[in-house]
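Number of protein chains: 2
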Amino acid sequence: MGGLKVANTTAQAYAEKSPVVIISGAPGIGERFKNPLLHHKVKDFDTQYRVFKQLTVASTVLDDPQTAFQEIDRVIATALRYKRPVYIELPRDMVDLPGHLNYQPLLSPENSDANALKEALNEAVTTINAARQPVILAGIEIHRFGLQEELVQLVEKTNIPIAATLLGKSVLSELHPCYIGLYEGAMGREEVRQYVESSDCLILLGAFMSDINLGIFTAQLDQGRSINITSEKASIQFHNYEGIRLQDFVRGLLDANLRPRPLDLPPRGYVPLSDFPASDRKITIARLFARLNSFIDENTIVIADTGDALFASSDLIVRGRTEYIASAYYASLGFAVPASLGAQLANPNRRPLVLVGDGAFQMTGLELSTTARYRLNPIVVVINNQGYGTERPMQDGKFNDLLNWNYSKLPDLLGTGIGFKVTNEVELEEALLASRTNSESFCILDVCIDSWDTSEALKRLTRSLGAKIRG
Amino acid sequence: MGGLKVANTTAQAYAEKSPVVIISGAPGIGERFKNPLLHHKVKDFDTQYRVFKQLTVASTVLDDPQTAFQEIDRVIATALRYKRPVYIELPRDMVDLPGHLNYQPLLSPENSDANALKEALNEAVTTINAARQPVILAGIEIHRFGLQEELVQLVEKTNIPIAATLLGKSVLSELHPCYIGLYEGAMGREEVRQYVESSDCLILLGAFMSDINLGIFTAQLDQGRSINITSEKASIQFHNYEGIRLQDFVRGLLDANLRPRPLDLPPRGYVPLSDFPASDRKITIARLFARLNSFIDENTIVIADTGDALFASSDLIVRGRTEYIASAYYASLGFAVPASLGAQLANPNRRPLVLVGDGAFQMTGLELSTTARYRLNPIVVVINNQGYGTERPMQDGKFNDLLNWNYSKLPDLLGTGIGFKVTNEVELEEALLASRTNSESFCILDVCIDSWDTSEALKRLTRSLGAKIRG
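Going line by line, the protein sequences match chains W and C. First residue of the first sequence: 1, per the numbering used here; consecutive thereafter. First residue of the second sequence: 1, per the numbering used here; consecutive thereafter.
Quick caveat, the hints were computed from the structure, so don't treat them as lab data. Where is the CB? At the ideal position from N, CA and C, for every residue including glycine. Keep in mind that a hint or two might mislead.
[To be verified] Residues of chain C placed beyond 10 Å of chain W at every Cβ, according to the derived structure: (1) Ile76; (2) Leu97; (3) His100; (4) Lys118; (5) Lys233; (6) Pro348; (7) Asn438.
[As the list claims (entries may be wrong)] With a straight-line cut-off of 27 Å between C-alpha atoms, the simulated DSSO-like cross-links for lysine-lysine are: (8) Lys43/W / Lys5/C; (9) Lys118/W / Lys233/W; (10) Lys5/C / Lys5/W.
Take the sequences, apply the hints, and build the full model.
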C-alpha cells in the first residue's frame, strides 16, 4: 500500500509500452480480517490492486505460496511479451513462506503462426519488390523489442529510405545515409511528409498511430498502400493477419528475397549549422536548438520533456541509437529529469542532455537531488519562458503563469552542481562549453527566452490544436 | 485525462473523509470512435474513470446532456453525505450543450430514522446518566460535519471530560477546561490512556478506529462499555442501529436530559513550558517542540506532515478549533506544505506553522513556489534529521539516507522568502522571533537535529511497529 504515488507513471509505461515491474508490499493476509483501518488503506485491502489492474497488462497478489512462483512467472512473461507494466503485490506475512516444491519454471515463449507468417512475408516481399518508392516508418517498438540491428541491416540490404515517428525518434542513428527524418503529419518537415505520403508502399514497423505521432491526426496515410506490423496487429492493405510477432516479421523480411535498389532520397531540407557565431542577441528557441544540434555528440543522450522541449528537439539530429528519449505519446509533464536518472544509471557512458520547460521542471526538477546523490552528471537546459508556453497560443490566462525561479541557484540548495544563467548567445556558448568541461556533477542552464517564443514545430502543432479547441 | 497525478491525494481524501470534487476534462465523445490513440490515454477512454471509481464515493461521466444536471447533483450530494471525494468527467464536446430544460434540483437531504434515533438516544442518555466516569472521545467527523459548536455545548452542559483522536486533534480547543488530551493507545500519554480505558461509558463521536488513532492497535477499548457513533455506523454496547446520522445523534444528545456532573478530571501529566531559556546546546526534537508549544498562539494553524512531525506535534497544545491538520490516518509523506496552501487560502487570518521532516519536504516542499506566487506566509520548520528518521529505528540502511539540502537557501531559488539555519537553541529562538516579525513572505527554518533523535511518541510507536515487523 502507498503505491498510488506511481499511478501516473505506470499509466505512462502502459501507454508507451515500457515493461516496468511494480512490486508493492501490502498488509499481511492475516491482518485483513474484520477489515481494520490500517494506514495507507483507501476503501478495501484490494483497492490499490484494483487500480493497478486498470494500469497494467497483468497483475497478481501473492496470497498463496502454492501458486506464487507460477504467478510471478506469468506476470513477468506477460510484461516481456507485451512490453507493458505489470503489478505484483506481496502481503508481508507471505515473505518468508516456502513456495511450491516441485515448481516448474514457465518456458513456452509464444511463437508466430508459421503459416500466417509465411503468407504475410510472401505478400509483403512481392508488394515491396513491385513498389516504385517504398518507405519504412519505424516506431518505438523497434527499440522495445530490441530490433535496431535487424532494422539497420534491412535498410542497408535494400536501400529503402526510412523515416521514424516522434516516439520512435532515434531507433536508428539519424546520421544514417538512408534516414530521411521524422514523419509527423503536418507537424513535421514538409519534404519528409511529401515523400512518405506519396509512397506507393509504406512499411510501418512497430509504430503507434497516436495523435502526436500523427501530428494531431493531420497525417495522410493510405491504408491501401501500407504494410503495418506492430506487436498487436499485422495488416497488409485492408486485410489482417493473426498470430504474427513483430520480431519474427522483421527478421523474416531481413532473410527474404527483397531486391536491393539504388539509393534515392528526397532532398534534405534541413542541415544543422556547423558554425554558430554567437552574439549578444537575446537567445531564442530557434537559435538555442541550432546550437544544441552541433553541441550533441556520440556520447550524448537527449532526454526531452513534454512541451516545446519535445517539439523543438524533434529537429535535433541524434547520433546514436535510442539516444533520444521523450514521452511523445502519453505527454505527461515532468518526465525528463527523472528519466535522466534511469537513462544514465542504465548507461553510465552517456551524458544526458535534459531539455525541459520551466513548467515541467517545477513539477519534478528537484529529482536532481537524487542525481546529485548518485553523482550523475546530466546537463539540464531549462527552457525558461515563464510559464506554460505551449498552452499560451491555444488559450492564455494567468493559469499559464509561474513563479520565475532562479534555476541557476539550484546548486546552492543542493550543495553541488553548477548553475548558469543564460540570456544571450554568448552566455549560452560559455555555459555549454563550461558544462562540457565540468563533468563531475550536474550542470543546469537557466535559458531565458521570451514568453511567446516557440519552435516552428510547435507553431505548426498549435495551429492545428487551436483549431480543434475552437472547433 | 491526465488526472492520474491526483490519484494518491484523492485516495487520501477518501480515507480521511474530505469531500473533494475532482473535475476532469476528457476527449469528446465524438472523438472516441475507432479508439484512436490520443495523448494521455492509457488503455481505453474509460481507464481514468475506472481508476477514480475505486478512489471516490461517487463518479460520473457527463456524456448525456439530458441527465447531466441530475448526475452532478447526485454526485455532489453523495460527497456532502459521506464527506468523501467524488469524480466528474466532462468530455470536451459536451461543454456547450444545453442541459435538460425541466430539470428539478435534487433536494431530499437524507434524514435519520426517527424511531431508531429516539430509541438510541434514550438508551444512550440512560447509560450515560448512570455512568460513574463517562468520557467522550471525539474524532475528525466532528469537524467534517461541522459539529464543533454542538460538541462544546454538550461538554459544557454536562462536564463530561473529553479526549480526541490524533486525526481529530483540535476538533475543540485543547485549552478547554474539560479537555484531557489525545487518546492513542500505547502511543499516547499514560494518564489519558488510563482514564479513557477505565471509563465505564466511553462515548465515541465521529472517531475512526484506525491503526494510528489506536496506537497501532495497542488501544484497549471495551465495546461492552461504549457508545460508538460515526457517519457510517451506530452502536451501543454490542447492538447496532441502522439509519442514524451522526449530526442528528449529537444534536439529540445536546437537547436530551443529560445530567450535569461536577468537573472531575485526571491530573494533567504535561504542562507546557512558559519559559524557555535558550542555550547554545544542539537543538533536539524535545526542546524544539517544547519551544514551539509556547510559540504557537491563537493565530497559528499547525500543519504536520507524516513522520515525527506528526508524532512529536501530537503534544502541542492547539488553541483554536481545527487548527491542527495532519494526515494522521492515510499517512502519505509530503502532505504538509501543499496542505498549508489550502488552509491559508481558506482562512487568510491564520498563519500556518508547517512541521515537516526533510524526507517529506523533498517530496513536495517546492510547492512553496505556489505559496510565494500567492504571497502566503507560512512558517515552515524542516525537521532535518538527514533522512527517513521514522524508519531508522524499525530497519535502517542506505535507503533511509537523503542528500542534505541547504533548506535555508531555498529563498534564493524562489526569489522570495527568508531562510534560517538552526543548529542550537539560541539560533532557534532568533529564527522564530524573526519569522514572527517577517510576515510578508514565507519563512523556512532548517532545524538540524541528530539522525537518531526522535520524539517520545515516536519511540513508543516504533517499539510497537518494530515488534510487528520482526514478528
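Can the restraint linking Lys118/W and Lys233/W be considered satisfied, given a maximum Cα separation of 27 Å?
holds, 16 Å
Confirm or reject: Asn438/C is not an interface residue toward chain W, with every Cβ-Cβ distance exceeding 10 Å.
Per Cβ check, Asn438/C is outside 10 Å of chain W; nearest 19 Å; holds.
So is Lys118/C really clear of chain W, every C-beta pair being over 10 Å apart?
holds, 30 Å
Examine each Cβ of chain W, and state whether all of them lie more than 10 Å from the Cβ of His100/C.
holds, 26 Å
Beyond 10 Å from every chain W Cβ - status for Leu97/C:
holds, 15 Å
Would you check the hint for Lys43/W and Lys5/C, treating anything up to 27 Å between C-alpha atoms as holding?
This hinted pair holds, its Cα atoms lying about 19 Å apart.
Distance rule for Pro348/C, whose beta carbon must clear each one in chain W by more than 10 Å:
holds, 19 Å
No chain W beta carbon within 10 Å of Ile76/C's:
holds, 20 Å
Can the restraint linking Lys5/C and Lys5/W be considered satisfied, given a maximum Cα separation of 27 Å?
Distance of about 8 Å is within 27 Å: holds.
Least C-beta distance from Lys233/C to chain W larger than 10 Å
About 12 Å separates Lys233/C from the closest Cβ of chain W, which puts it past 10 Å; holds.
The earlier numbered hints are all upheld by this structure, with none contradicted.
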